[in-house]
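Chains G and P, in that order, give the protein sequences.
Here the first sequence is numbered in this note's numbering, starting from 21 and rising by one per residue.
Here the second sequence is numbered in this note's numbering, starting from 21 and rising by one per residue.
Be aware that a few hints might be false.
Which copy is meant is left open, so a pair is good if it fits within one copy or across any two.
Unchecked claim - The list that follows gives simulated cross-link-like pairs (lysine to any residue, SDA-like), each with its CA atoms no further than 20 Å apart: (1) Lys122 to Val81; (2) Lys122 to Ala60; (3) Lys141 to Pro29; (4) Lys209 to Val136.
Worth flagging that the hints you see were computed from the coordinates, not collected in a lab.
Fair warning: this is a prediction, and the values are worked out from it, not measured in the lab.
2 protein chains.
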Amino acid sequence: MKLRLLHFPLSPFGRKLRLALFEKEILAEIEAATPWEMDADLTARNPAGTLPLLEVDGEAVICPSSAIAEFLEDLGQGAALWPEDPLERAEARRITAWFDEKFHREVTELTLYEKVHKRLKRTGNPDAARMRAGQHNIRIHLDYLSYLADRRNWLAGDALSYADLAAAGHLSCVDYCGDVPWDDYPAAKDWYSRMKSRPSFRSLLADRVGGMAPAKHYADLDF
Amino acid sequence: MKLRLLHFPLSPFGRKLRLALFEKEILAEIEAATPWEMDADLTARNPAGTLPLLEVDGEAVICPSSAIAEFLEDLGQGAALWPEDPLERAEARRITAWFDEKFHREVTELTLYEKVHKRLKRTGNPDAARMRAGQHNIRIHLDYLSYLADRRNWLAGDALSYADLAAAGHLSCVDYCGDVPWDDYPAAKDWYSRMKSRPSFRSLLADRVGGMAPAKHYADLDF
Chain G
21 MKLRLLHFPL SPFGRKLRLA LFEKEILAEI EAATPWEMDA DLTARNPAGT
71 LPLLEVDGEA VICPSSAIAE FLEDLGQGAA LWPEDPLERA EARRITAWFD
121 EKFHREVTEL TLYEKVHKRL KRTGNPDAAR MRAGQHNIRI HLDYLSYLAD
171 RRNWLAGDAL SYADLAAAGH LSCVDYCGDV PWDDYPAAKD WYSRMKSRPS
221 FRSLLADRVG GMAPAKHYAD LDF
Chain P
21 MKLRLLHFPL SPFGRKLRLA LFEKEILAEI EAATPWEMDA DLTARNPAGT
71 LPLLEVDGEA VICPSSAIAE FLEDLGQGAA LWPEDPLERA EARRITAWFD
121 EKFHREVTEL TLYEKVHKRL KRTGNPDAAR MRAGQHNIRI HLDYLSYLAD
171 RRNWLAGDAL SYADLAAAGH LSCVDYCGDV PWDDYPAAKD WYSRMKSRPS
221 FRSLLADRVG GMAPAKHYAD LDF
């Protein structure tokens, strides 16, 4: 089976899957693309017009990222990223959805999308009130992440799961624009430091988008 | 295993699960609740503060609805609501996410939440511009639903799946406030008519919330 992932480098959802492919050691062609520069071509493959999408054998297209994650698990190859126990699996799914839905709406859209995506898409200037709201909200989320990281080895329990990959996908994108106050949240910082040191993370730290440099500490393992 | 579903009757996500429990013939206590009237009690069980949630043996709590749906499938009881084939399963997940994410953002939030939820929560008056946008957007979605219903027996393929339950959850809620122009979309109407006639749908058609009567044709099988 020939797999090809099309992703936008500063997308948390694409990053979750790039991490997953690497952690599971699944062989796939991974290609960066810019969704708003490939409109008709993209909507023919995904009517929702979004990336990431996964092509299977050059024909079938899987999207959005939640369905791709489940599909990669269904392959039964490499490390499992959902726990075996149904209740623990449900907990990992809860935290994955927490980041992909709640954190996305309350932080990612108000920081990264305001600062970076709007500029790349040329859809207007960043909205200062929205950015302030995002910077306020991220502290609530870092509190919760610290609470989890204090009590568990990984965010959903003993083993690395999609919960960690989803959280790291969002936080690494927001960190690209320097909006994560790591020093006030040592437990969250320790968890992120462990994520950042994994070989799967390397390609994320090398991402550069639209001539915008990342925050100084972005790729620094000792941040 | 003792299951108890807490749901808000005019929630598309709660409705998807009520339909699923019935279609799968899984025995569960199903209790209606109002999330904004149970704040501290609710956030102790679900930090996100949302319904639906599923209690397992009076202890474990599963949320949000996407994790509950997967958990119900994991029980391996009753009719499967994800197709067996991994690519078909991915397609069913794509359409489920289409309704639970895209339709929710582009239609449900702009119609049902403006008209009904705001009034029940006493959080202000409906915003006319948002409602107009929702009524515009629903036509695009009904076009897409008709396209799918014209080509397939059920929305994701040959068999009923979570894709149908998610779509019916949203559309039945929006239909409660009379905002679905069924007559302009015969293929979508035919699909909804088949959904509406299923025994699993009966309790949804009997819902009455906060003294607000549903649209006239809401519970009518011949609408």
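Starting from the hint list further up, note which numbers the structure goes against and sort them upward.
The structure conflicts with hint 4 only, although it agrees with all the remaining ones.
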